Structure formats: structure tokens, C-alpha cells
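**Student:** Got chain A; can you put chains B and C on it based on the hints?
Protein chains in written order, with the numbering used here: chain A, 1 to 468; chain B, 1 to 316; chain C, 1 to 212.
If you are wondering where the hints come from, they were derived from the structure by calculation, not from laboratory data. Do not take every clue at face value.
[Stated by the list, open to error] Computed cross-link-like contacts, BS3-like style, restricted to lysine-lysine with a CA-CA straight-line distance of at most 27 angstroms: (1) C:K7 x B:K7; (2) B:K7 x C:K164; (3) A:K295 x A:K371; (4) C:K170 x C:K146; (5) C:K205 x B:K7; (6) C:K4 x B:K7; (7) C:K7 x B:K117; (8) C:K170 x B:K316; (9) B:K7 x A:K92; (10) B:K266 x B:K237; (11) B:K74 x B:K117; (12) C:K107 x C:K146; (13) C:K4 x B:K316; (14) C:K7 x C:K205; (15) C:K205 x A:K295.
What you are looking at is a predicted structure, and each value in this text was computed from that prediction instead of being measured.
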Amino acid sequence: MLKYLFKRNEDIPPGTAAVFFGFSSIMWFVIGTGLGSFNAAKLAFPDFVTGTELFSFGHMRQVHVLAVIFGWISMAFAMAMMYITPALGNTKLWSEKLGVWNCFLWNIGLSLGLTLLWFGISSGREYSDFPWFIDLYIAAFIALPMAFNVWMTIITRRTQGIYTTNWFFGAGVFMVTIVFIVGNSPEWFNLTGLSEAYMTWWFAHNVLGLWITPIAAAIAYYTVPKVTGNPLYSHRIGHLHFWSVVVFYSTPAAHHLMSAPLPEWLKSFASVEGVLILVPAIAFVSNLLLTMTGKWHMFVENVEIKFTITGVMMAIPLNMQGGFQQTRAINWYVHGTGWIVAHAHLALLGFSTFLEGAAVYYGLQTLLRRKLYSLALANFHFWFLLIGFSIYWISMTIAGLIQGAGKIYEVPYIDVVIAEHPYMIARWIGGTMVFTGNVVWLYNMYMTAKAGTEIPEGRLPHELAYER
Amino acid sequence: MAFREYKIGARLFGVALGGSMLITLYMPTVDMTSVAVTETGLTKQLSYGRIGGFSYEDPFLRGEGKPKTVTLTKDPSTNADMEAVQAFVYEPGIPFPSGINHPRTLGPGVTEVSLDKGRIGEADDTAGAVFLIRRGTHQGETLHYIENATATRGWKYDQVLNAGGDANTAYVGSGKIMFVREGCWWCHTLLPEQTQDWQYFGIPPRLGDYNGESPTAFGSDRKAPDLLHVGSRNSSKEWMMMHFFNPRLVQPHSIMPRYDYLWGDKDAEGKAIDFDGWRAAYNDYAAGETLTPPDVPSYASNSEIRYLMDFILSLK
Amino acid sequence: MAWKFDKPLYSLADDSQNDAATHVWEGESLGGISEDNNRLPRPVIMLLGLTIVTAFLITFPLWGARPNAEIYAEYVQMMDSPAVQAISGDEAKMEYLVSNVKDTSLKSFQERHPLTMDDLRMIKDQVIELQGQGADLGEYSVIGAKVVLANFEGNLITDPVTGKTRPQAKQPWWDKGYTIDVFYVLYFCIAVLIVIKRLPHYSWKPDHSIAH
Numbered sequence: 001m002l003k004y005l006f007k008r009n010e011d012i013p014p015g016t017a018a019v020f021f022g023f024s025s026i027m028w029f030v031i032g033t034g035l036g037s038f039n040a041a042k043l044a045f046p047d048f049v050t051g052t053e054l055f056s057f058g059h060m061r062q063v064h065v066l067a068v069i070f071g072w073i074s075m076a077f078a079m080a081m082m083y084i085t086p087a088l089g090n091t092k093l094w095s096e097k098l099g100v101w102n103c104f105l106w107n108i109g110l111s112l113g114l115t116l117l118w119f120g121i122s123s124g125r126e127y128s129d130f131p132w133f134i135d136l137y138i139a140a141f142i143a144l145p146m147a148f149n150v151w152m153t154i155i156t157r158r159t160q161g162i163y164t165t166n167w168f169f170g171a172g173v174f175m176v177t178i179v180f181i182v183g184n185s186p187e188w189f190n191l192t193g194l195s196e197a198y199m200t201w202w203f204a205h206n207v208l209g210l211w212i213t214p215i216a217a218a219i220a221y222y223t224v225p226k227v228t229g230n231p232l233y234s235h236r237i238g239h240l241h242f243w244s245v246v247v248f249y250s251t252p253a254a255h256h257l258m259s260a261p262l263p264e265w266l267k268s269f270a271s272v273e274g275v276l277i278l279v280p281a282i283a284f285v286s287n288l289l290l291t292m293t294g295k296w297h298m299f300v301e302n303v304e305i306k307f308t309i310t311g312v313m314m315a316i317p318l319n320m321q322g323g324f325q326q327t328r329a330i331n332w333y334v335h336g337t338g339w340i341v342a343h344a345h346l347a348l349l350g351f352s353t354f355l356e357g358a359a360v361y362y363g364l365q366t367l368l369r370r371k372l373y374s375l376a377l378a379n380f381h382f383w384f385l386l387i388g389f390s391i392y393w394i395s396m397t398i399a400g401l402i403q404g405a406g407k408i409y410e411v412p413y414i415d416v417v418i419a420e421h422p423y424m425i426a427r428w429i430g431g432t433m434v435f436t437g438n439v440v441w442l443y444n445m446y447m448t449a450k451a452g453t454e455i456p457e458g459r460l461p462h463e464l465a466y467e468r
Numbered sequence: 001m002a003f004r005e006y007k008i009g010a011r012l013f014g015v016a017l018g019g020s021m022l023i024t025l026y027m028p029t030v031d032m033t034s035v036a037v038t039e040t041g042l043t044k045q046l047s048y049g050r051i052g053g054f055s056y057e058d059p060f061l062r063g064e065g066k067p068k069t070v071t072l073t074k075d076p077s078t079n080a081d082m083e084a085v086q087a088f089v090y091e092p093g094i095p096f097p098s099g100i101n102h103p104r105t106l107g108p109g110v111t112e113v114s115l116d117k118g119r120i121g122e123a124d125d126t127a128g129a130v131f132l133i134r135r136g137t138h139q140g141e142t143l144h145y146i147e148n149a150t151a152t153r154g155w156k157y158d159q160v161l162n163a164g165g166d167a168n169t170a171y172v173g174s175g176k177i178m179f180v181r182e183g184c185w186w187c188h189t190l191l192p193e194q195t196q197d198w199q200y201f202g203i204p205p206r207l208g209d210y211n212g213e214s215p216t217a218f219g220s221d222r223k224a225p226d227l228l229h230v231g232s233r234n235s236s237k238e239w240m241m242m243h244f245f246n247p248r249l250v251q252p253h254s255i256m257p258r259y260d261y262l263w264g265d266k267d268a269e270g271k272a273i274d275f276d277g278w279r280a281a282y283n284d285y286a287a288g289e290t291l292t293p294p295d296v297p298s299y300a301s302n303s304e305i306r307y308l309m310d311f312i313l314s315l316k
Numbered sequence: 001m002a003w004k005f006d007k008p009l010y011s012l013a014d015d016s017q018n019d020a021a022t023h024v025w026e027g028e029s030l031g032g033i034s035e036d037n038n039r040l041p042r043p044v045i046m047l048l049g050l051t052i053v054t055a056f057l058i059t060f061p062l063w064g065a066r067p068n069a070e071i072y073a074e075y076v077q078m079m080d081s082p083a084v085q086a087i088s089g090d091e092a093k094m095e096y097l098v099s100n101v102k103d104t105s106l107k108s109f110q111e112r113h114p115l116t117m118d119d120l121r122m123i124k125d126q127v128i129e130l131q132g133q134g135a136d137l138g139e140y141s142v143i144g145a146k147v148v149l150a151n152f153e154g155n156l157i158t159d160p161v162t163g164k165t166r167p168q169a170k171q172p173w174w175d176k177g178y179t180i181d182v183f184y185v186l187y188f189c190i191a192v193l194i195v196i197k198r199l200p201h202y203s204w205k206p207d208h209s210i211a212h
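Isolated chain A, as found in the complex (with noise of 0.2 angstroms):
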């Protein structure tokens, strides 16, 4: 990578960002795993690496979070960017240098912020963990920079029309911005109580709905039709779909606080907004599976298409979760129970991960013109994913079921400690199990680039994927 930074824009080689970003983003994704999985450890088995600071629970619990979400999920979004977006306008990347600088302070940046956060050196509002100078350089170094280079492909496309994965794509990078920018702000203007507590929801619920949801759908818009070779079922629901994201996804922040004293219309219109929710999924899962008529055998077949659908399909449950969790009427049990920690999971292992998994496995196989190094360790991978991940969501919603009964009945909270105890060693199971398929992946998709058979001028490279 270093040796691309300094050289003129002309003499990168296309894709070289995306390429950057995709390998940065499975090299993130088995660190942020492998947290996760100790973390996991810890909470089955307190006495595990015990005793120093550095690695107690409590100084690595945000590390794992974040590394996710910045390291893995956004920077698949980014690696996705620079490659779908030039595609779908018919053009190359707006400034490939800017993409290599972008990929070099985003992990240079991510890098630093998250030991600071390991030494415990945070701001203290979840989500929004990085002190402000990191918040800075992210809005500086990270958000902009790619924005900039999104708006700018699709500005200088070639074609009239621009394709309903580049509205997601420009106007998700404008969203993200100003939340962010928003979100954080309590840290560089000091605001203080419920105001800066609500505007630390506001920003970690959109940073879900308005980045991470529809950014992760958009790739599925391109990724089913252009795998599978149909048209998108309808133009028309990617509308309804696009709408109502920017709508219904953007209001309902204060549910992530319906039990703390904000006033009580602002909990009535989120509540309501937060079932809405379910529009743009009805939208983008009815979209999606129609366009795939006639095709399904690619389901079982194509590891692109098999990652993307199921993670279409996990957004059924999610959606079901995330409308309904957050209303008075249920919130009350699952508030703040392994129930909620389940459906983040859902939310971003599940569905996110499945559909980014997919970009970043077909963009690196069609940037670097070489087929799949082992179709086997693509199904390992996937099968690992999926069975670790059912494992943990069912792990922990069987806990938070009990945590919730515990709070509702009184029970003394050592009991509840009790009862989930072996839900949480089944979690550590089942996060252990994604962390080995992501180490696999990383090994398969270098040895991709090592070795993978060269893919010829005109062909797709899912097109190969049983010939020798």
C-alpha cells in the first residue's frame, strides 16, 4: 500500500483502494472477532486472565465493539464504495490516491483511537467511546474523505441515470457524516446532562439506521442482480425502500431510552417511528427475494449469493426484533437484557456481515481478476459464520429472556448470574466459532490473491467457480 501513496493518481492501478480496504476490512474483522471471543471468555469465566488492567473486561468490551463496526463493517462499506459505485456509473474511481490515503489514515486512525480506548482513555458515551480528537480525525480523515469520493464518482459518471445502490451510496456517506458530526458534538461543546445522553442515542441509533442498515442493503441491490444476472425486481419499491429509510430510520433515537426520564412524547413518536422501521425492511427483503425468481439454485450453488440471501433473509427476524422490542409494550421485559445484545448481533453479524462478506468476496476476486483460491474454505467460512452466530443469538436471547423474567419477578440478581451461566458459555462457543471461520477467510482470500487462477478478459469471476 505504502508504495501507492506518493505516486500520481494515473499510475495507481484501478481497484487498488478497494483492494486495500477489502483486505484491511478481514484483517479488522478477525481482530474485532477475536475480541469478541475473549470478551466472551471472560464473561463465562471471570478468573480468565484476571487481575491485570489491560485485560479486564471492562478495558476490552468497547475495543471489540468498535473495531467491528469502524474496522470491519464500515470499512467493508468503504472497500464496497470504491468499487461498486465507479461500476455502477460506468467510470473509474473518482481519485484512486485519495481512496489509498483514505484506507491508510482510516486504519492508521482506527488504530490509535482503539488503544487509547484500551487504556481506558474515552469519553464515557457508549458508541461514541473515542475521545474528541478522535472524533476529529474521523470526521476529517475517515467520513469525508470517502464522501468525497463517492459524491464525486457518481458526479462524474458516464450514464444519465444513477442506480439505486449509488442513492444509498451518496446519500448514506452525507448521513453518516453529519451524524457523526452531530452525535459528537456534546464532546466539543461540553453539553452536559439528559441532552448529551440523548444525543449519545440519537448518534448510535443512526449510525445503525442511516449508515450501517441501508449501506448493507445497498450492496445487496447490486450484488443479487449483477451475481445473478436478473434485473431488480422493481425500481418502484427501491424507491419506497430509499424513503422511507431517510423517514422512519432517522426518528427513532429515543427508544434506546424508554425507561430513562425523557419527556413522554418524545417516547410516543419514537415508539411508533421505531415500528415504521419495518417499511423500508418490507421494502428491501420483498425487492430482493423477487429479483432472485428463477435463479434460486444460485442459493446453493454461488458463495456471493448464498452469503447475500441469507443475509436478507436474517433481516426479517431483525426487523421483526428491532420494530417491536423497543415498544412500551415489550421493552419493559427485554430493556437492557442479553435479549438486546442478541439482536445487535442480529444486526450486524448477522444481517450486515452476510451481505458486506458478499461484496468483499466478489469485489476482491473481480478486482484482482483471480477466482476463489478454495470453494471449500468459502463454505467453511460461511457455514462457521452462520452456525457460531445461531449459536450466540439463541444463547443470548434464551439469557436475556431470564434476565428479563429476573427483573420482572424480583429475583436477587446473583440467581440471574447463575441461570445464564451456561448461555454464556455456549456465547463464547459460538463467537469462538466465527472468529476461527474469519481466520479462514483471511488465509483464503490471500492465498487468492497469491495463487488463484487468473480470471480471462469478458468472464465473471462466479462464472468459474466449479470449472478447473
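**Tutor:** Quick look at chains B and C alone, frame taken from chain A:
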């Protein structure tokens, strides 16, 4: 807007996002900032100091640059007996909390009384100051306000610290930093829920309980008891000490990590703490080879565990 | 930008506009991807309608409402009656109270939040006093031995005891949050309807062989 009319689409997008932000950011902020701070809210911001996360005065989150909470039973200037009060002592250079720097954030009524009667506008952080919480009235409403005792009673910060002595001084603000740095709030929430928690974890907080506090560290993922009122449930320092050093000493099924490293290197007498020896002895006890666990070492008066315990016990 | 309003649910764009749109639609390949012009499937439309209705219905405080002093009011009213006095033993008394409650609407709360006769004696006077002042017991929480005003930041009301204006300490059935929601959803539906009806009608299927 028709097929591929991106200009109108972009404007519509701006209206949609702007409308959403108007409803979800502007409107609630108007409501939340127009609430008068309660006594709890005043106690919290005066004892925590300016900010509880990363800050200029405390970049490495060691609990520096924070006020001290002193319980006084004698008037520090006249030495006469008086009813016990809590004084919040800001030594020179310790930054003031939001309510002193921006009295408007205290909310209607409290701002006026704190400025007129409490004279908080005269406080100067380069010279140090002592604050008290008093009860007063504003337009017939009873409320609590901040009194700048350095201006109204001539109490100097060092007088108050001397009058209180180490035994009556609590490092609550520094302890809040420990709470944030050590990630206690990843498992212990500070937010009894409105619907169910009230009998077990105490009364849920009110809207005015938070003015001036930053961060609120509610926590979202409760893997352990709520701590907002823990000081009312359990005020035993001995229990806390054992629980922090190794939670399994008092609660065999606890999954809390050990916080023995917060003791630092030396105990209260300045002797080096033998952690390895302690762990070996504890392992023997855990394996059933000895009948009693080893004694938990005492902690130095400026150790991080002292800060953290002062904070936890202040959560009434 | 021409508009046509004669058949608004069919199309809002005129023929020349639709011709231009279909021309670009078929004439270019966006990175090798094409789009169809299918309508929203009818079951999906029904699902969306159901979602909007459900969104409002499920957020009303039907379940998960907070327990309040009202659930013990009938116990307090009955506890000094001769029938209860005649029973010996606190546990038997409490059992009698629980099984003889007339207002069954609070039954599930009473089951989830049981209390002993001693608890009841501690809150008895406070409950009677509040009732005497005309307070709404639904606004009060029982915290241990105390009956205190709950901390909800609801609609502004006049306190029946002090006569002052304060937020109602109860989950609201309707407040400005719901009102905003109604208009918000309405605007969304209108805007999306316009956007979609300005596209060529769904009966037109693009021919993907032209650009590909």
C-alpha cells in the same frame, strides 16, 4: 419529481432529513433544557466536576483535576459546631462544572437564586472555591440552589479540607473517572427502569437529576445489579473492599472481574503488596486446602480503589 | 415538468414525459445491471398498511405499563373490613384480599407485585390521605414504605392537590408525539405516492435487450 430527476430528489432528501432532525433533536432539546435541576442533579455535578471522561485536566483518566466532597460538622472559619453539611471543594486550578460556568443550564429559578443569593458568579477557579447546596425559594417555589461559600461565608478551600480531614473527605469525582475508565458501566447500569426496577434497585431518576452531568454513563447492557442507589443498599466499606479485590470472596457465583490492580503497589502503611503471594494463598483456599481466604490488603488513601469506593458509596 | 391530474392513481406524468423516461430506462446499462418496473405486490401493500396500523396500536400503554399505587387501593379499602379482621394470621388475610378483589383489570399487576400485610400497613395511611385529597393514585409509585409521585414527563396537567401545572406522571394514551407521528406518516405516504406515480405506469415492462 419524475424518473431520474435528481435535483428535486436531492432537495426532497434535504427536507426529509432536516424535518427528522427538527423533531428528534431540536424539539426534545427545548423541553429537556427547560427543566430545573434537582438536589440530586446539583450534588452530582458539584461532586463530579466538569467532565467525567477524557478532558484536558485529566487526559489519562487518572482522576486528576476533580473536586473533593467534604462532610463538615464544624464551621471551618469559626470552628463552631453546626449541622452536618456536604461541601464541594475546588482547589485552585480545578475546573468548575457546567452549572457554575454556565448557570443557565441549572434551569429556571435555580439559575436566578444561585446567582443572586448563592453568588456563584463570583467564583474563580484560579483561586479555588467551596460550594454548598442550599434550600431556598423562588417565586413561591421551593428549590435547591448552589451557594458559593467562599463568597458568602469566606470559607477557603484549604480551611475546609483541614476542617474535614481525610476521614471525612470523599474523592467522588475521581471515583466517577475510575467508574468510566474501568468500564464498570458495561455491566452495571446507573438507570433503574421506570417500569419494573423500583422495588429492587430504588426509585428511577427524574428529568432534572442530570443537568450538568457528563457523561451520564447509564449503561445499556445490564449483566449485574443497577448501582444508582447502591450506597443506600450497602454502605459497608469492608464488604466493598473484599468485593473489589476479588468478588468471589463475598459472592462465589459473581462473574465480576477482580479489581485488585486498583490498589496500586503499596498498601496503607506504604508496604509493597504481594499480589503473587495473595493469589497463591487464595488459590489454596479456593482449592479447599485452607479454611480461610487471605486478608485483603489495606489501601493507600490516594489509591484508585479509594476513589472508586468513594464514588460507589456516594450513590445514595 | 408536466403534471397530469386526470387519473392520479394511474399516473401523474404526461405521455411525452413517460416516453422520455422509458427511452432512458431501456437505453442504458448501469454497470451491467438493469431494473424492472414491477408494481408493489398487493400482499406487500397490505403488509405496509398493517404495519402502520400496528405501529400506533402497539405503542399505546396496554401492556408494560408501570405498576402504581392504584393496584393496592382496593386492598387498602378492604383491609379493615370486619371480614378481614376476623381472619387470624397475616398471610391468610393477604390471601383473602388477593382473592376478593373486585376490579379484575389490575389483577396481573397485583400478581406480579405481591406485598405482605406489613407492607400494606405502611402505605395504608398515605394511600387514604392521597385519596382524600382527590389525587389520581395512578400517578403514584410505591417505593418500599413510601408512596411517591412517579416520574413520568407526560402531558402538562393541573395537579389536583396543589393546583399547580406539572407534567402528568402517567403513560399517556395520546400526546403530541402521536400527533406528530400521524402527520409524519401522512406526509411520507403522499410524498412516496407522488414519486412513484410520476414514473411510467407499472404495466409498462422495460425491454432489457436494448442496452445489454
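**Student:** Give me the numbers of the hints this structure contradicts, sorted from smallest to largest.
**Tutor:** Per hint list: 2, 7, 13 violated.
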